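Q: Protein sequence lines correspond, in order, to chains A and B. Position one of the first sequence corresponds to residue 0 (numbering that gives the first Met the number 0), numbered consecutively onward. Position one of the second sequence corresponds to residue 0 (numbering that gives the first Met the number 0), numbered consecutively onward.
These are computed hints drawn from the structure, not numbers from a lab. Owing to the predicted nature of the structure, the values given are computational and were not obtained by experimental measurement. It is possible that part of the hints are untrue.
[Said to hold, decoys possible] To give an idea of the interface, some chain B residues facing chain A are shown, with a C-beta separation under 7 Å as derived from the structure: (1) Val65; (2) Val97; (3) Pro98; (4) Gly99; (5) Glu102; (6) Ala106; (7) Lys110; (8) Ala299; (9) Val345; (10) Gly352; (11) Leu400.
From the three backbone atoms N, C-alpha and C, an ideal C-beta is built for every residue, glycine too.
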Amino acid sequence: MTRMFRGAASALALVSLVITTTALPAKEKKAEEAAPTPINENPYPSTYHAYPGVPTVIRGATIFDGEGARIDNGVVFLSDGKVTAIGGPDTPIPADVAVIDGTGKYVTPGVIDIHSHLGVYPSPGVRAHSDGNEATAPVTADVWAEHSVWPQDPGFSRALVNGGVTTLQVLPGSANLFGGRSVVLKNVYSRTMQGMKFPGAPYGLKMACGENPKRVYGSKGGPATRMGNMAVDRQSWIRASEYLKKRKSGKDYSRDLELDTLADVLEGKILVQNHCYRADEMANVIDMSKEFGYKVSAFHHAVESYKIADLLRENGICSAMWADWWGFKMESYDAIEENIPLVDAAGACAIVHSDDENGIQRLYQEAAKALGNGRRMGMNISDEHAWTWLGINPAKALGIDKWVGSLKPGKMADVVLWNGNPLSVYTRPEKVWIDGAVMYDASNPNMRPVSDFELGQPGQGDVK
Amino acid sequence: MSRMILSRFAARTALSVLALSLAAPAIAQTVAITGGTVAIGDGSAPIPNGTVVIQNGRIVAAGAGVAVPPGAQTVDATGKWVTPGLVAGFSRVGLMEVPGVEETNDAEADKSPYSAAIDIAPAINADVSAIAVSRAGGITRAVVSPGVGKGIFAGQGAIIDLGADMQPVMKARAFQFVEWGESGRGNGGGSRASMDLTFREMLRAAKRIAANPSAIDANATDGLMTRADAQALLPVVNGTTPLLIHAESAHDILQALDLRGEFPALKLVLVGASEGWRVAPQIAAAKVPVIASALNDLPASFEMLAATQSNIGRMKKAGVTVAIGMINDNDGQQARYTPQYAGNLVALTKVPGASGLSWGEALAAITSAPAEAMGMGDRFGSLRAGRVGDVVLWDGDPLELTSTPVGIWIDGVQQPLESRQTRLRDRYRSLAPASLPPAYQR
């Protein structure tokens, strides 16, 4: 594909050279101009492949399926990298497959973190590794987070073995109004970013409201205010709309990386992932999205979603939230511990996210805290329902729910076997499968991945 | 749906009844908390059906078969847990309202000519939201440290209580805090060598001044510090005041322990110590307590390459006194994570190859161990007789994620459980159209 694109591009360049040197009749010239440069929409394609697994059945465990259902004494069958069967104890399973006794244990789909900076702000957090914010201009929709991802970040292994995280969205930071494209990764170490890239996952566009952009650009030419933020956003969407018109006209046009991404959002190919804390600002963004004809997939951080949960439900927008982060900056001042359950109870889409290399190891604990806080205010929330906050909801908000986010036959066999109820502080992953291959096994020290960075360092391969 | 609303209403009513029953006057009275699972906080296992008695603001008895004194207010803890108030082993609680809003953040003084002399006590404000929020999470005492501004010494920290009154400081000038390792080297001149020299020269100057108090001048201090700084280091060099030293790597820890070669009276407490497990026998032999981050497991910096969550468990096994602290970890706002951190260390006991803590040890790491590290184990941090009457009543296992305090006493005085957060929750509990905007609900 890449080679084809390159070939086509150079052929076109040759044609335009011919045009300028030989005066063609007007009509023919117009016809030549009307052939726009074909856009390769996948120039850095995924080379991820599933590692070999063996057909495996887990019997006797309690299953949270990720869509809100629970099966006691359940059976999950994994083969050919997929979930092939799930059900009660009588679920028919072929003979001669590996059987794991799940008695007293729990099975869930792999945890999905919709908001991570692993790879772009890797450990160790030295300045040379700081690749998450292209803080040189407020609009940098042209940058792609995948070009910053360092696949040797030790953080990937901790998210896997301590957090059961099998899929994550890596986003640019929030210094800019338009921070750039995100990338969705499978949490399997590879020599290259491409080797981790989730095949077929749509791109996201990171946008940011509020304090960060105005703080970063207030003394660098602006925007310096929230109204300035909105004005620059709207000007950008106007440019994108005009660009999209040109791009769709069938006539040649001058390509612009930044506007390609924004136009892809307007065409619904890229999902907007919008960092936004305050309720009033989220409401402004919702109206802006209607003004220009795009949709916000999820508000991230969203500490005030509880104030407008009805509005978010009506507009079908998810909120990706912490359980209890609060007060660290002005726009997080009104955070409350019941944000997640209140959003959920209003019928809006609730997601637990991390935004943190430590928090990503304990997303299941964040869900448990939110669950407890909701129950305490009288909500009837089941454990299995709470798992939708880590399962199908983030999968939907990332546009990958047909592949992951729940244990349904035909979906990728991204599965965690927990050594107890995963909504308890005393529980840890025991085994993690990704596409049916065991990628972590607590009982086997050789099944703890060690990134290149950690190899030969003190503590390499230690239980972390 | 209607059932949900009903059950919500029921829960709300139950909560307000509880709140009423706990709304006692702000004076210490005799309280007996009976029938609960009682955890003393000294490392022992919880005691079923125990009683805790608080009198004159202090614990008088806790355990099984404890008699209820006549006239005591009785609190039925059946089905609940009772622990000492939790201690934030290293924190900046009370120093900042909004950390990112500079004018409300008093943790560091980077424009001051002073360093070691800075006494954090006057900056501790009982009105900051984090006091109420942390208290509602079961935190009743905290080790509060200044952050470094200029130089390697941050100043003198305090021990505080989180009671709903305007007297938060239990002990001012309770310790001195110094940055060592990566964050110390920058302020210490740009290398670990200059940091080490700066430290030694400042303490040597303090010793000279101790020997000859009239010599407090620029010559005595080599121009390294003000007279006030030199005076503040006297109790450090003579071992009256503990020196909390933030070191993460095995190398930096050993260098820190070596300081006692020249200054044998130093009462060292290691803070951080992410690689402490690698030199645990040396730390144990030096009898230096550690206030550690519970869950650091990433090579977040080059001084934490060997970080693992097993760190505390391994140090404990080697005989080190270890407490849990919030080191560069939402230290102003999230002391309430303390029980979650402790619970995670219990989880490690089920992970092959990992080292964790027993439940009793984990609770001790957030109650008695930090008090002992500060040399104040006889004053607070456990339910042993004579300690301050800091008691928390929990609706379940206090280390579990879904549990929360339902009753809190500090110095024997019952405490409110409300905060700005609970008020906002109640205001937005229902988004149904109302006759007035939410701003009229309070």
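Q: All hints are to be evaluated individually against the structure, with a verdict given for each.
A: For each hint, the structure was consulted:
{"no.": "1", "hint": "Val65", "in the structure": "29 Å, violated"}
{"no.": "2", "hint": "Val97", "in the structure": "6 Å, holds"}
{"no.": "3", "hint": "Pro98", "in the structure": "5 Å, holds"}
{"no.": "4", "hint": "Gly99", "in the structure": "3 Å, holds"}
{"no.": "5", "hint": "Glu102", "in the structure": "11 Å, violated"}
{"no.": "6", "hint": "Ala106", "in the structure": "13 Å, violated"}
{"no.": "7", "hint": "Lys110", "in the structure": "20 Å, violated"}
{"no.": "8", "hint": "Ala299", "in the structure": "5 Å, holds"}
{"no.": "9", "hint": "Val345", "in the structure": "6 Å, holds"}
{"no.": "10", "hint": "Gly352", "in the structure": "4 Å, holds"}
{"no.": "11", "hint": "Leu400", "in the structure": "4 Å, holds"}
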